[in-house]
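Protein chains in written order, with full-length UniProt numbering: chain A, 1 to 457; chain B, 1 to 457.
It is possible that some hints are incorrect.
[Stated by the list, open to error] Derived lysine-lysine pairs resembling DSS-like cross-links, with alpha carbons at most 25 Å apart:
id, chain 1, residue 1, chain 2, residue 2
1, B, Lys403, A, Lys88
2, A, Lys365, A, Lys155
3, B, Lys88, A, Lys403
4, B, Lys17, B, Lys114
Bear in mind the hints are in silico, worked out from the structure with no lab data behind them.
Model, not experiment: these values are computed from the prediction.
Number of protein chains: 2
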Amino acid sequence: MFSTETYIQRRRILKQKAGSGLLLFIGNDESGMNYRDNVYPFRQDSTFLYYFGLDVAGLTAVIDIDNDQEIIFGDELTIDDIVWTGPKEPLAEKAARVGIHQVRPSAAVSGYLKSSSAQVHFLPPYRGEHYLKLQEWIGITPAAASEKASVTLIKAVVAMRSYKSEEEIAEIEKAVNTSVDMHLEFMRITKPGLTEKQVAGQLQSIAIGQGGDISYPIILTVNGEILHTHTRDLAMRDGQLSLCDAGAETALRYCGDLTRTIPTGKKFTTLQKEMYEIVLNAEELAIAAAKPGVLFKDLHTLASTKLLEGLKAVGIIKGDPAEAVAHDAHTLFFQCGLGHMMGMDVHDMENLGEQFVGYTDDLKKGTTFGWKSLRLGRALEPGFVVTVEPGLYFIPTLIDRWKAENRLAQFIDYNKLESFRDFTGIRIEDDIVITETGHRILGKHLPKSVAEIEALR
Amino acid sequence: MFSTETYIQRRRILKQKAGSGLLLFIGNDESGMNYRDNVYPFRQDSTFLYYFGLDVAGLTAVIDIDNDQEIIFGDELTIDDIVWTGPKEPLAEKAARVGIHQVRPSAAVSGYLKSSSAQVHFLPPYRGEHYLKLQEWIGITPAAASEKASVTLIKAVVAMRSYKSEEEIAEIEKAVNTSVDMHLEFMRITKPGLTEKQVAGQLQSIAIGQGGDISYPIILTVNGEILHTHTRDLAMRDGQLSLCDAGAETALRYCGDLTRTIPTGKKFTTLQKEMYEIVLNAEELAIAAAKPGVLFKDLHTLASTKLLEGLKAVGIIKGDPAEAVAHDAHTLFFQCGLGHMMGMDVHDMENLGEQFVGYTDDLKKGTTFGWKSLRLGRALEPGFVVTVEPGLYFIPTLIDRWKAENRLAQFIDYNKLESFRDFTGIRIEDDIVITETGHRILGKHLPKSVAEIEALR
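Chain A with its partners taken away, still in its complex shape (with noise of 0.2 Å):
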């Protein structure tokens, strides 16, 4: 937990964004498996933390700007409960240590909202929990929850959240730092014969042992052309190349995100030599360039560019590689975006929309394959945490189904790429801070060039 005078100051400058009226801000339940007790492992809200710190199961927080109110509704435990949990810290000193006086039952939170004529702001739901809390305390039905989310509030917390403060920056990296051990870890045990699985249940007790979690489902994969696998079934073979997208989450809820892909065996072959330098050329001029000022938009088609640059010199790309990102060509290899906010959300603040999170009034989210992916475009501003992570990914179905469309055919070799079929996909990630004149990788290094990866191996 931070100091008690940083949460009472956030909670004072969100006042002076919203205005007026009550804002409501739903803590997140303990959530059952596959019955009510036998519980995933707690995760608070990360907008309940940022402005109340209390990473405890089942509380709700009042805002009640024009009377200057500030109230947890929640539970002290009873004998019984102590019986199960043993003693714990009473929530109303608790809720003290971040400077709230009043403390109320869960079930008072309901009147409350009832007896005020304010309009009651909340966040976009996102749990079961929420929509049903919605639903019986302020009448909002399921369907309507979503769209009757308050954007004044959103966009008061994205304008907070987005500017991560010294104190915040030093947690992201102390998780980064935690996901270098982890990749470090990767680099160590993966070898032909051991399954995915052993080796990511083994980069998660890393996670677990430094005090928190994972921040995202580990992504290990031999398949690295799956975006967003998570069967980990695999057998991994000589030959192939080993993904691993992981990052960890600290006790205090922030997280890292880095992504690596190495030879499963000893070396890199010549071809997945070239091609990851492909990727990693392109990584690395993005970072370069990254800046206050700079449109990430603009990174992403930078990246892209970069990355057709390469498959022109492989021989899948014809004709101008800017060109060919301006028609789109890219979003075959390279279907997702350049990278994204992080910061208490690996993907940071994606419940309350990517267009208020990482585009403006005035810069909308693209809606077409791979634009509609990118979950960043805005100007970077200093204290904004991003991750930055270019990849090449050959997808036999999306390949099929262009070919078959001869889509694009004046860029892309099709004859060429089908040798490449079965190449599987290479992503390299790392996560940055912008700075007041460009910006800094976080964390301590982690291996990166074919040398330096291969002398681990």
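Since the structure of chain A is already known, use the hints to place chain B on it.
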């Protein structure tokens, strides 16, 4: 997945037991942590798996008994999905493998249910999404959903899932064997200076590496008296006991559930050894008495009496141990139950209601402290898989409360007890299957005697 015929046969029997109407099975959805798409590991509902075998998010199954229909509602992947998740076996093919040949889109569930005048039988909801779907599809309000669940369907399911088939027992034994591996690692790596989390993370990696995951949050603590502690932040110190309650879940979602308590350092102290053997004697006595026809409730009494006999020997209990148990004196030290059903859920079928699973129409679950936590009371039958897990827990808050009331002072020597105030807790747990003539302990041998454990430290 078991054979096609297994699932067909299970549904055939279920239809006979349920008689008539529509049987609605709501499969689980992906479950977001801090935003919708950052998901916890998917866990399908166990009853859904039992009858439909499809370990995939977002499905619903309907058995229309009167019209002899079996339908899976769910959506095939789009090309956009395939970019992110990779190609998957089509749902229609998956469904065919469990003997179901009607697959319809998710959006059609509501219409199907509303078009029938037959009674819709559903199981008690336990996730937000269940409540939301029941409301949207058949107009059941969240507040009424639990009480409107079908007792007919609950009883039919319990009457089947309680009796494990040979192939289920083999799968449970696989889970127990992985759980044994986790506990052997616990005994190998635990040492003063490590944090509880460092050890717990390592055990989880074994469960993941063997193809599944943990079957419940690992309890790994130097404060074994806290029955369900999930905070694992403490550094372990020499002289303490370390309690580990951990189990694996296989890829087919069957569980293991084992507990061992060991010295954090090399050896038990003399007192720890004496107390440990009290629990061990109770555990072995209860297991030895487990056979068809015996009330599990009576095994609980048997173990409780044995525990108090031991505590009499150390001077905490006075008078006749059996009489002390009859007065519930044991609940000061053994606040929970001796065990529970185990299968696809670690507390098997807990979501269906403990009265239905662990008791009968003629045998009601207790409501007093201690007894209300005994999940299983009914007579054992061949094919039941249950845990046996007595313990001794010295909970300062509870001791203080009883002492202040001088409760059952004819049986409890509160002066003597004072020196045990910080003793913490011990639990020993194995998993057994009830056979025609008695029982069998599941899984490979896991050291349990003081000598065996110390030999591994």
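### Task
Determine which of the earlier numbered hints do not hold for this structure and return their numbers in increasing order.
none
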